[in-house]
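Number of protein chains: 2
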Amino acid sequence: MITFLPLNAHGNPQKVLIVGGGDGGVAREVSKHPLVKEIVQVEIDQKVIDVSKKYLPGMAAGFDSPKLTLLVCDGFEYMKNHQNEFDVIITDSSDPVGPAENLFTESYFALLKKALKPNGVICSQGGTVWCCLDYIKKTLDGCRKHFKNVEYARCSVPTYPNGEIGFVIATDDQSLQLSKAKYVFTEKELDELRLKYYTPEVHTAAFALPNFVRQALKSSS
Amino acid sequence: MITFLPLNAHGNPQKVLIVGGGDGGVAREVSKHPLVKEIVQVEIDQKVIDVSKKYLPGMAAGFDSPKLTLLVCDGFEYMKNHQNEFDVIITDSSDPVGPAENLFTESYFALLKKALKPNGVICSQGGTVWCCLDYIKKTLDGCRKHFKNVEYARCSVPTYPNGEIGFVIATDDQSLQLSKAKYVFTEKELDELRLKYYTPEVHTAAFALPNFVRQALKSSS
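For the protein sequence lines, the chains are A and B, in the order given.
Under full-length UniProt numbering, the first sequence has 69 at position 69, and the numbering climbs by one with no breaks.
Under full-length UniProt numbering, the second sequence has 49 at position 49, and the numbering climbs by one with no breaks.
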């Protein structure tokens, strides 16, 4: 979901940046998209990659994609030197409390915006509504300082705490309806790409927030 | 969700039967609905009611509704003697393995159909896709023998195993789109009824199933 929500909301994602995602799973899914030509991934920790290759070969298969350039470096530094370059940037990080804290700050969203092409789309892991509503509000507030069109979406992951995960998804293109897939996978594509979770209907459903969440996030804007 | 999905899919739910639901929570929510005039609840176990009143007063508040007639008896026997009577029947049971097993059988759906008015809507707890996909298929197959229009929906409940719960929802009215609220709560109603989860958008989103679930349940029809 962290891949196909931004890729299909964008509609024509040719060049994609992945920040983090050291297990390879995001690269694996992004590389499936028929329109994506080039993927750059910046992961700060070589050990995460090595351990994933050893113990999570199914995920790490993403590193074998011919579309992928994998760089072991600091995403902050990389983006400072690569501006106006990407259609979609996906940040696949750990939670907002701890080492990944700086991937949820306003200054991080400023950096994302500069690395994006105009009307590009970003998507970041965003915490869950059941335990982190205050963090989500804070993250969205920071994101709204740099993007005009900001949404929160969620999907089910039974092995995660609370059984779900959330995403912050944003663009500067106000005409883009992020909750609607602009690139719509056909039934044939869903089969061929072996998508187990995502469908165009699931895309839209991910943005339908429980009333208490909708109320809480509305007031943060 | 087990209440507002069938009530609002139906559109004009005046008389409602609750089977089970001994904690009072379903009665509490059904009684909020402005169109509902009369609720009958059949709970087989007086002790569940007593313990809920003592330890779960917030849920058991539902038993104080002036719309409610609470009967301690066997739902199977009750329905045999009350046919063609209800607009909506909600079965709030425990899981399909164990004491509530007979609430997931084909013969139970036959009984529900007879107790319903023509074009009434039923909704039953239906197990989750992450652990019970085979049970869900079996339940839907049984349900489809008695109802022409059968769907499965789900919502997030972080304290349940897998973080979610599912519902079997069905009617004989083939023109009814169960995934669309026919009675649409206004913003004012959502506020006044203090609905924390349900909105008309959440109603529709509950029916957007992950691709593997959609595929699995499609083949069972």
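Treat the hints as calculated values from the structure; they're not laboratory data.
These numbers were taken from a predicted model, which means no experiment stands behind them.
Accuracy of the hints is not assured; some may be wrong.
A pair counts as met if it fits within one copy or between any two copies, since identical chains are not told apart.
Calculated lysine-lysine pairs in the DSS-like style (CA-CA distance at most 27 Å, straight line) [stated by the list, open to error]:
(1) K114 with K15
(2) K67 with K148
(3) K67 with K188
(4) K180 with K218
To see whether the hints hold, each was checked on the structure:
| no. | hint | in the structure |
| --- | --- | --- |
| 1 | K114 with K15 | within (15 Å within a copy, 58 Å between copies) |
| 2 | K67 with K148 | neither (30 Å within a copy, 48 Å between copies) |
| 3 | K67 with K188 | within (22 Å within a copy, 51 Å between copies) |
| 4 | K180 with K218 | both (20 Å within a copy, 24 Å between copies) |
In this structure, the one hint that does not hold is number 2.
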